[in-house]
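Sequences are here, hints too, so could you generate the full structure?
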Amino acid sequence: MIGIINYGSGNVQAIANIYNRTNFQYKIIQDPEQLKNVDKLILPGVGDFDETIKVLDSSGLRNALNEEVLVKKKPVLGICVGMQILSNDSEEGTQKGLGWINGNVKKFDILKIKDKPFIPHMGWNNVVPQIKHDLFNKIDIELGFYFVHSYFFQPLSSNNILGTTFYGEEFTSAVFNDNIFGVQFHPEKSHSNGIQLLSNFASI
Amino acid sequence: MLRSRIIPCLLVHNKGLVKTVGFKDAKYVGDPINAVKIFNEKEVDELIVLDIDATVENRPPNYEMIKNLATECRMPFCYGGGITTVEQSKKIIELGAEKIAISSAAVNNPIIIKQIGEAIGVQSVVVIIDLKKRSKLLGGGYDIYTNNGKIKAKVKLNEFIDILNKIGVGEIVVNSIDNDGTMNGYDDAIISLFREKTNYPMTVLGGAGSLDDIKLLISKYKIIGAAAGSLFVFKGKYKAVLINYPNREEKSRLFS
Numbered sequence: 001m002i003g004i005i006n007y008g009s010g011n012v013q014a015i016a017n018i019y020n021r022t023n024f025q026y027k028i029i030q031d032p033e034q035l036k037n038v039d040k041l042i043l044p045g046v047g048d049f050d051e052t053i054k055v056l057d058s059s060g061l062r063n064a065l066n067e068e069v070l071v072k073k074k075p076v077l078g079i080c081v082g083m084q085i086l087s088n089d090s091e092e093g094t095q096k097g098l099g100w101i102n103g104n105v106k107k108f109d110i111l112k113i114k115d116k117p118f119i120p121h122m123g124w125n126n127v128v129p130q131i132k133h134d135l136f137n138k139i140d141i142e143l144g145f146y147f148v149h150s151y152f153f154q155p156l157s158s159n160n161i162l163g164t165t166f167y168g169e170e171f172t173s174a175v176f177n178d179n180i181f182g183v184q185f186h187p188e189k190s191h192s193n194g195i196q197l198l199s200n201f202a203s204i
Numbered sequence: 001m002l003r004s005r006i007i008p009c010l011l012v013h014n015k016g017l018v019k020t021v022g023f024k025d026a027k028y029v030g031d032p033i034n035a036v037k038i039f040n041e042k043e044v045d046e047l048i049v050l051d052i053d054a055t056v057e058n059r060p061p062n063y064e065m066i067k068n069l070a071t072e073c074r075m076p077f078c079y080g081g082g083i084t085t086v087e088q089s090k091k092i093i094e095l096g097a098e099k100i101a102i103s104s105a106a107v108n109n110p111i112i113i114k115q116i117g118e119a120i121g122v123q124s125v126v127v128i129i130d131l132k133k134r135s136k137l138l139g140g141g142y143d144i145y146t147n148n149g150k151i152k153a154k155v156k157l158n159e160f161i162d163i164l165n166k167i168g169v170g171e172i173v174v175n176s177i178d179n180d181g182t183m184n185g186y187d188d189a190i191i192s193l194f195r196e197k198t199n200y201p202m203t204v205l206g207g208a209g210s211l212d213d214i215k216l217l218i219s220k221y222k223i224i225g226a227a228a229g230s231l232f233v234f235k236g237k238y239k240a241v242l243i244n245y246p247n248r249e250e251k252s253r254l255f256s
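Protein sequences appear in the order of chains A and B.
Residue numbers for the first sequence follow this note's numbering, beginning at 1 and rising by one.
Residue numbers for the second sequence follow this note's numbering, beginning at 1 and rising by one.
Be aware that a few hints might be false.
Claimed, not checked - Straight line, CA to CA, 30 Å or less: simulated DSS-like cross-link-like pairs of lysine-lysine: (1) A/106 <-> B/114; (2) B/91 <-> A/114; (3) A/73 <-> A/132; (4) A/27 <-> B/90; (5) B/91 <-> A/27; (6) A/112 <-> B/24; (7) A/96 <-> B/114; (8) B/90 <-> A/106; (9) A/114 <-> A/74; (10) A/40 <-> A/106; (11) A/106 <-> B/215; (12) A/74 <-> A/116; (13) B/91 <-> A/40; (14) A/27 <-> B/37; (15) B/24 <-> B/154; (16) B/114 <-> A/116; (17) A/116 <-> B/215.
It is worth saying that the hints were derived from the structure and are not from the lab.
Okay, here's the thing in structure tokens:
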């Protein structure tokens, strides 16, 4: 059973729509109590860094998630801002991230980007896996994934880099650390690749 | 590398899919959900669906239809038509849409753009600007229209661009009423004006008649959204209804 964390707004439904099409069961989760009934977790990407962290803090989800992910070692997948909050902090805000993967969230340097609209990085782009991992099993590299973001997660250790993408510079578009995964793109909007990746995660 | 987005734009009228010419003469081309299923198979980059009746009939968006479309879409889905409030926008995003598009409401009440952006995230707010060429006798240039091309807006184009630059939007869709359905190519003058005056992600609509039109657009503007209606629902000289979209090889040729 996969638990999709609902911060109160946004694209939870798009992820649920994908799991409705596959044979994986999911639950949409709002309060910490419900975490016990799931064995995997998804942190969707909604809004900005501080806003997302504030919801986790005020709902009591932060402590509960620490327990589920760091102690019980349940696999977790962060998507977009849900990936960025795995870090220590972000140039987008002042709140402390979950700190599950050592690193910081940075804004794209628009001086390195040649053409308008500079930011956000929006549209389809390729993700180049840096190691072989089940999360990217049967992923069609050429098709790529749908992105929309102006900030990206830069892990301190290259051991945490799962995939990279080029936009003005090479940036980290997928991270991992043991049972913790994060992707900057939106698998829930990425055709067969997205369904594949979300299924891969569900099968880990 | 980031690729330009190639985007079918579907119009809904009386619950069916239609294609217009110059915003008139709506021709029935099929069922919206069926079209989405085909566009899923063809792996389209993104999809825009516009309910062209909602604002004109002064009614809210049809959530049942939006829900059905969003449930089916495996790609980013942008819905427009009849949106006037923050609440409506939130509801549409919660149904699984990626973006909401506003046009008449944005022109008549620009502050709503900001309010919706604060509620659902600026990146999800798309402003569609329907433009018609002004006669050279009246000094040329362009006028903004609302209510599906029926009402000429009071605000001047340059003023509205200034407002958008101050307010902050996720994307601008520049739509040429004159070129709609003609399949004679995009209106390059209006595209270059917007590209010069704004830094926002931009999608252009109105006039694409062949993949060459899209290739030309991308070679000039690099990263841009190339939207089209007729091109992706009609085939051949006699405009037989046939949903189509470039395959991977055809697409990669558009970027080279």
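Tested hints:
1. A/106 <-> B/114: Holds, at roughly 25 Å.
2. B/91 <-> A/114: violated, 36 Å
3. A/73 <-> A/132: With Cα atoms ~21 Å apart, residue 73 of chain A and residue 132 of chain A stay inside 30 Å; holds.
4. A/27 <-> B/90: OK: residue 27 of chain A and residue 90 of chain B at ~21 Å, within 30 Å.
5. B/91 <-> A/27: holds, 20 Å
6. A/112 <-> B/24: violated, 44 Å
7. A/96 <-> B/114: Given pair residue 96 of chain A, residue 114 of chain B holds - Cα atoms ~27 Å apart, limit 30 Å.
8. B/90 <-> A/106: Within the cut-off at roughly 28 Å; holds.
9. A/114 <-> A/74: violated, 41 Å
10. A/40 <-> A/106: holds, 28 Å
11. A/106 <-> B/215: It is violated: about 34 Å lies between the C-alpha atoms, which goes past 30 Å.
12. A/74 <-> A/116: violated, 41 Å
13. B/91 <-> A/40: holds, 27 Å
14. A/27 <-> B/37: Roughly 26 Å between the alpha carbons, so the hint for residue 27 of chain A and residue 37 of chain B holds.
15. B/24 <-> B/154: At roughly 22 Å apart (the allowed maximum being 30 Å), residue 154 of chain B and residue 24 of chain B satisfy the hint.
16. B/114 <-> A/116: Holds - the C-alpha atoms of residue 116 of chain A and residue 114 of chain B are around 22 Å apart, at most 30 Å.
17. A/116 <-> B/215: Distance of about 17 Å is within 30 Å: holds.
Hint violations for this structure: numbers 2, 6, 9, 11, 12, all remaining hints satisfied.
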